[in-house]
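Residue numbers (the UniProt record's numbering), protein chains in the order written: chain A, 1 to 301; chain B, 1 to 301; chain C, 1 to 301; chain D, 1 to 301.
Do not take every clue at face value.
To be verified - So the derived list for chain B, only partly shown, Cβ under 8 Å to chain D, looks like this:
1) Arg84
2) Tyr125
3) Asp129
4) Ala224
5) Gly260
6) Leu264
7) Leu272
8) Arg275
Because the hints were derived from the structure by calculation, they are not lab data.
Glycine included, each C-beta is placed from N, C-alpha and C at the ideal position.
There are 4 protein chains.
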Amino acid sequence: MPLTPDQIAEIEALRATPRPTLRAVSEGMEAHLYKAHEVLDHGFVRVIDYMGNDAAIVQAARVSYGAGTKKVNDDSGLIRYLMRHWHSTPFEMCELKLHVKLPIFVARQWIRHRTANVNEYSARYSIMDREFYIPEPQHLAAQSTVNNQGRGAVLEGAEAARVLEILKSDAARSYDHYEAMLSQDGQQGLARELARMNLPANIYTQWYWKVDLHNLFHFLRLRADAHAQYEIRIYAEAIAKVVADWVPVAYGAFEDYRMGGTTLSAKAMAVLKRRLAGETVTQEESGMSKGEWREFTEVWG
Amino acid sequence: MPLTPDQIAEIEALRATPRPTLRAVSEGMEAHLYKAHEVLDHGFVRVIDYMGNDAAIVQAARVSYGAGTKKVNDDSGLIRYLMRHWHSTPFEMCELKLHVKLPIFVARQWIRHRTANVNEYSARYSIMDREFYIPEPQHLAAQSTVNNQGRGAVLEGAEAARVLEILKSDAARSYDHYEAMLSQDGQQGLARELARMNLPANIYTQWYWKVDLHNLFHFLRLRADAHAQYEIRIYAEAIAKVVADWVPVAYGAFEDYRMGGTTLSAKAMAVLKRRLAGETVTQEESGMSKGEWREFTEVWG
Amino acid sequence: MPLTPDQIAEIEALRATPRPTLRAVSEGMEAHLYKAHEVLDHGFVRVIDYMGNDAAIVQAARVSYGAGTKKVNDDSGLIRYLMRHWHSTPFEMCELKLHVKLPIFVARQWIRHRTANVNEYSARYSIMDREFYIPEPQHLAAQSTVNNQGRGAVLEGAEAARVLEILKSDAARSYDHYEAMLSQDGQQGLARELARMNLPANIYTQWYWKVDLHNLFHFLRLRADAHAQYEIRIYAEAIAKVVADWVPVAYGAFEDYRMGGTTLSAKAMAVLKRRLAGETVTQEESGMSKGEWREFTEVWG
Amino acid sequence: MPLTPDQIAEIEALRATPRPTLRAVSEGMEAHLYKAHEVLDHGFVRVIDYMGNDAAIVQAARVSYGAGTKKVNDDSGLIRYLMRHWHSTPFEMCELKLHVKLPIFVARQWIRHRTANVNEYSARYSIMDREFYIPEPQHLAAQSTVNNQGRGAVLEGAEAARVLEILKSDAARSYDHYEAMLSQDGQQGLARELARMNLPANIYTQWYWKVDLHNLFHFLRLRADAHAQYEIRIYAEAIAKVVADWVPVAYGAFEDYRMGGTTLSAKAMAVLKRRLAGETVTQEESGMSKGEWREFTEVWG
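Take these sequences, add in the hints, and give me the full structure.
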């Protein structure tokens, strides 16, 4: 369970005291504020703050004085047009601030998205909590035999049991030793900034992460994708649900044009056009490599 | 007068309808929302939205669950500590969105601050308004004789009159010609994206500009500085007043450590230490160049 | 003619003195170094420096110690794979530095690409040259009647003549007045930072612009596109030719996957799949708006 | 020893084959190219490529056509002026590409500098090497009793021995278990992207890291500082030596104005001015907090 009673009480206190504001409000997002959406065994995603809503995207695109008098219908058409034609700046006018608890190996992938603001819990300054990510049995997968950076079949039987046992006991031992090195019982106690180096990459850290909607969509496109590692994808999916409630029109356009859409190379376009004209095209004729052809036919048959 | 009655009505409508939110609120900022703070002869700065307040800086620095139970006193000390030691990420957790109307030559300096989001009024898509910046007499200054990028004495008499006359008549003529080229009266009308090239750099444009507090402080440090051109400095000063109402503790730290403070080179430190020990140090002994020594003695005598 | 004899001599001097280096070299790029590629009537693009080549992309992707022993064939496949799967960081390992002379209204579009380094000629510090962009007759186009930010038919006869006359005479007059305001003949001379505001947006400026290959590809995708304004597109096309000589494999992948390719929304994919299965699909059945359907059928018939 | 014979041979091969270039060259940097500068027990810093030199900073600041005819003396004065007045864009015109091998807990601090390009060795794709950072005895320090994020006295005797024993045996065991989980001997073998989570933060990773000189100076100012953790500071110091050979004039200015200099708050300036006038000022009169006063008197007595 990721939250203590004290933490839950703090969150409830924050949710109990609405205050008046003149800013743009998203009702869908107000319902999420501060709540912990659980992810993995000890992680979560919490919305701490947001700026803007669908109307704010339109308002910025039009550089207008007020909220505008156009119909919702027009706004939706404009937002879809902006998304279709890669006009990214109006989406940058919305901003999201999250509190996330996540394993360090997930944090190391996540931080590669540079266009965001981050404050991470400091293991130089504070002592880490004894919380480690241990995969559920159905996510304990073998190395893929076809994809160098993917997973294959789920491990079973003795192998699965042994892996789980290793992960659990190594986590426990490394944390026991971390505490022993820090301890000042009859000794000086190793500096926290040194002791932390003994902790494995499945220990949980946490951070505040703030990002604009355009860059968040880019994050979601890469990390909610089927090729992303499961342990970060599930965070991306939790965030995607929140975004759908925050800016439903923009999220709908994102789903249609980015998540649900695809890109075609010039060669792939040529093959599709020949197919539409009734021709049959082979890999050799396509000019694509075998790998490219396999990816192409997975989508287009 | 920068705003039309319709625009004023839109702003009043926005200010008339507070709505409940669970987000962090800054009372000082709510008082500014949407209002136009006039700058130069036709420009303005308007706060469109904001995220966070002083407490949000502290909350992010502590990666905490709630608003915290520490005293205001502790928060202030922490914010000043963060500013003093260049811990910039907690300040990035606050965000400001402005609507600004400004001359194009000011916009060209402003846009050099890259860590911000911008949506500008498009002269490809729309027709520019007939509004030009004409300096007030007291700002019509001669080229500085000591500083290659500064101003000297105020122009007077016939020279001042002639300059004002040139600026006004050239602006009027260029706009008349802009309209004439666009006109479809008995002709096709030149494309807007081409016609705009006839307009001078003192015509007003407008944009939505969104920035985090850390990068805004950096902007203010450079642009509210005495070395900045007057026409951008007055925008920076208008924004600084708004920020002081938004995050008074952080702004106070910024004033003390950045705006009101100074930096010393190793050589300058050595001179000051010798002076504190009672020595007299000459420029030659200081190791500084003449220009550097002049800048140093302007501050330290 | 954009360059003076002195400038040409400086360039020739730079090209006359090769020096040994241990760094990665691109022969194709050495041939371009320092030369001015003329663009528009007074503009140019000059390569000042570059870092990396196709092999450097591969080397970074593999985090390898040396230049690698893989065959060129493997390298090409890897570069195409990286481009296809949006692995952008290896392309960031190449860097290009350009010297560009361009009209201010083009510079204002260009600068919106923020992930680049820029040093622009300062009109606060220096006096601008008397050089203005005057379109050639075939680029003097009417406002498009279907696209709010595009061009239609070329202007002809009296209208074209009148527009050219306006652009030329306004440019000349504004520059005469700029000089008159700056002049110190019997007067103080207006500060350069003020006098410049009288100059129109078709005056030429120049800057050093430095960007990594990933962000340069993004720039080229947007600005070498048919929807970009002609006056920036022609700069993008000049740069694209240089890039093709610098990193021919990466540029080939960029042409295939980005410039020559297309993106499909989920709705567009569904229509294509139904068409491939022999169905006829109408706009109403497609779920697309009329504008979207028009864009779709322009590509796919 | 960080490099294998094969790796050394690759590096020697690269250093054996100079090629002609027309680009700006830094002799001081050519001497460093590809060589491994050893850091910590298994880490290194290697220069892979560079763009620009001191003259390139000046050339960009002047937006000039050639290398310039000014004397070295003028160039040095200009570079110092640019540094003193925070004109950062000319320094951005130089670029450095490094290959770095470093412990993961150091990498996690390092990556927080976002304005850089990174390609890291992928533990999803490849198997990590069995190399862990084990501090030398003199760096095995206790937690500071006055600074929450610093080190105090060096551990001694039994405590030091016990800590070293823990770090070594936990590293060895976690790597044995990592290999055991990956092994396909009679089992499927856990996916690499999962097995890596068992590895502690002192295992070495490596990356290509590319950054411009302005942002590199910012990195060095924060990470070569006495407050930085020793294990990242020693990397910063190794890089600083390389930079001093690459751009000696710019590095000299950086040392004088940034590394060797200091910043003063408005309050600190007031105290110094009163002291220079012969007054004695107490902490209470200074308006500073106790912590701030302590930091101030550490520098100024």
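Results for each hint:
no., hint, in the structure
1, Arg84, "7 Å, holds"
2, Tyr125, "30 Å, violated"
3, Asp129, "32 Å, violated"
4, Ala224, "14 Å, violated"
5, Gly260, "3 Å, holds"
6, Leu264, "5 Å, holds"
7, Leu272, "7 Å, holds"
8, Arg275, "6 Å, holds"
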